[in-house]
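Protein chains: 2
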Amino acid sequence: MVRRVIEFWFDFSSPYAYFAAETIEQLAAETQQSVVWRPFLLGVVFPKTNMAPLIQMPIRGDYARRDCERIARLLGVPFQLPASHPYSAVKASRAYYWLEANRPEKAVDFAHAVFRVHFADGRDPSETSVIADIANSLAIPSDELLSAIESSAIKDELKRRVDEAIGKSVFGSPYFIVDGEAFWGWDRMPMMHQWIAQGGW
Amino acid sequence: MVRRVIEFWFDFSSPYAYFAAETIEQLAAETQQSVVWRPFLLGVVFPKTNMAPLIQMPIRGDYARRDCERIARLLGVPFQLPASHPYSAVKASRAYYWLEANRPEKAVDFAHAVFRVHFADGRDPSETSVIADIANSLAIPSDELLSAIESSAIKDELKRRVDEAIGKSVFGSPYFIVDGEAFWGWDRMPMMHQWIAQGGW
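Chains A and E, in that order, are what the protein sequence lines are.
Under the working numbering, the first residue of the first sequence carries the number 577, and numbering increases by one thereafter.
Under the working numbering, the first residue of the second sequence carries the number 577, and numbering increases by one thereafter.
Hints listed in this document are in silico derivations from the structure and should not be mistaken for laboratory results.
Incorrect hints may appear among the rest.
Just so you know, same-sequence chains aren't split out, so a pair can sit in one copy or run between any two.
What the hints assert, rightly or not - Here are the simulated DMTMM-like pairs of lysine to aspartate or glutamate, each with C-alpha atoms no more than 20 angstroms apart in a straight line:
#, residue 1, residue 2
1, K744, D638
2, K682, E720
3, K624, E598
4, K744, E733
5, K744, D732
6, K735, D685
7, K624, D638
8, K682, D719
9, K735, E583
10, K682, E733
11, K744, E583
12, K731, D697
Could you build the full structure based on these sequences and the hints that come with them?
What follows is the structure, given as structure tokens:
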């Protein structure tokens, strides 16, 4: 298969992105692709499509809650929707991009930890102390990270990434782009797998 | 496997319901379930969830169009979104319920024909002449059918079915309910298949 890059766009606060994060590396290995992790902020994108956080939507939210619990049992991953859900992923997203540039070997581990600390452990990654705890658990200097995510450089970097998402019509989470083809949702991952394997159809 | 009934709720104007209609009978055969076809009107349900027809939504509509074309190629079924899309499925839905009660052996064939006449042939089933043509092609007396769908009895029947959908929190199309478990979307059909086969998880 041709080696391509899968752009994996997500909001850290999206439960379906959590499920995608738990499985994207296996998909990438099986299809011999590499993955770039691209956190963005759904809250900035939603007004452009008249959408709101799924969990907060009438009727659809109740379904999504049950659907997520069902998927978590299917995948065998821990799952809860804490009281703090959905939270602002600004700090976590800035931290990811800073790590990608400065401690690239830690970046994906950090992303996994952000997802898990919320959806498995029930904590709120919009709190600085939670970001610090994650950093410490991964042997990332937390003082350096917390200072970095308040820098104007990294603030601008996240803004640019959100603008990039908007420019690429990324309207949901998770949202994958591979070789110009877009796949929205955890439930499109099998189709993306097949698409890559067959080179499209 | 325990023999159950899959309730297949759909709006005739929904492209993802068309794809579901083309595949639900195979799923039912493989899992030894029976299917009841339950047309309803998304236009009545959407205001309750602040939703609108997907194809008309900014950005999401463009994605859905491409996604539908991709699914159609995958399934090997003809597909187009005619200028008349989305159309009002009131007449087709009333006709379905009248047939279910009075010509039950024709009802599912009629449903398939409604989907195909729009998504394959580009015609508009909100036009009486299109309903008549479908009836004639299936050896259903079209005069009788066209008169029946203007009766207050069948108008009330469709209203009851839409109310039933609302009462069951059916908010999208297609939407399946089997043994109390709900599955929304064409893309949940593999999961529903697995759920039935395993008796849940």
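Evaluated hints:
In this assembly of identical chains, K744 and D638 lie within 20 angstroms of each other by CA distance solely across copies; the values are 12 angstroms between and 30 angstroms within a copy. In this assembly of identical chains, K682 and E720 lie within 20 angstroms of each other by CA distance solely inside one copy; the values are 14 angstroms within and 71 angstroms between copies. For the identical chains of this complex, K624 and E598 are neighbours neither inside a copy (28 angstroms) nor across copies (33 angstroms), given an alpha-carbon limit of 20 angstroms. With identical chains, the CA atoms of K744 and E733 are at most 20 angstroms apart within one copy only, with a shortest distance of 16 angstroms there and 45 angstroms across copies.
When the C-alpha separation of K744 and D732 is checked against a cutoff of 20 angstroms, the pair qualifies only within one copy, where the shortest distance is 18 angstroms, while the shortest distance between copies is 46 angstroms. Within a single copy, K735 and D685 get their C-alpha atoms no closer than 23 angstroms, and across copies no closer than 53 angstroms, so neither meets the 20 angstroms cut-off. For the identical chains of this complex, K624 and D638 are inter-copy neighbours only, at 13 angstroms across copies versus 24 angstroms inside a copy, given an alpha-carbon limit of 20 angstroms. Proximity of K682 to D719 under the C-alpha cut-off of 20 angstroms is restricted to the intra-copy arrangement: shortest distance 16 angstroms within a copy versus 71 angstroms between copies.
Taking identical chains as interchangeable, the C-alpha atoms of K735 and E583 lie at most 20 angstroms apart only when both belong to the same chain, with a minimum of 17 angstroms there against 45 angstroms between chains. Within a single copy, K682 and E733 get their C-alpha atoms as close as 18 angstroms, which meets the 20 angstroms cut-off; across copies the closest is 60 angstroms, which misses it. When the C-alpha separation of K744 and E583 is checked against a cutoff of 20 angstroms, the pair qualifies only within one copy, where the shortest distance is 11 angstroms, while the shortest distance between copies is 38 angstroms. In this homomeric assembly, K731 and D697 never come within 20 angstroms of each other (Cα to Cα): the closest approach is 27 angstroms inside a single copy and 52 angstroms across copies.
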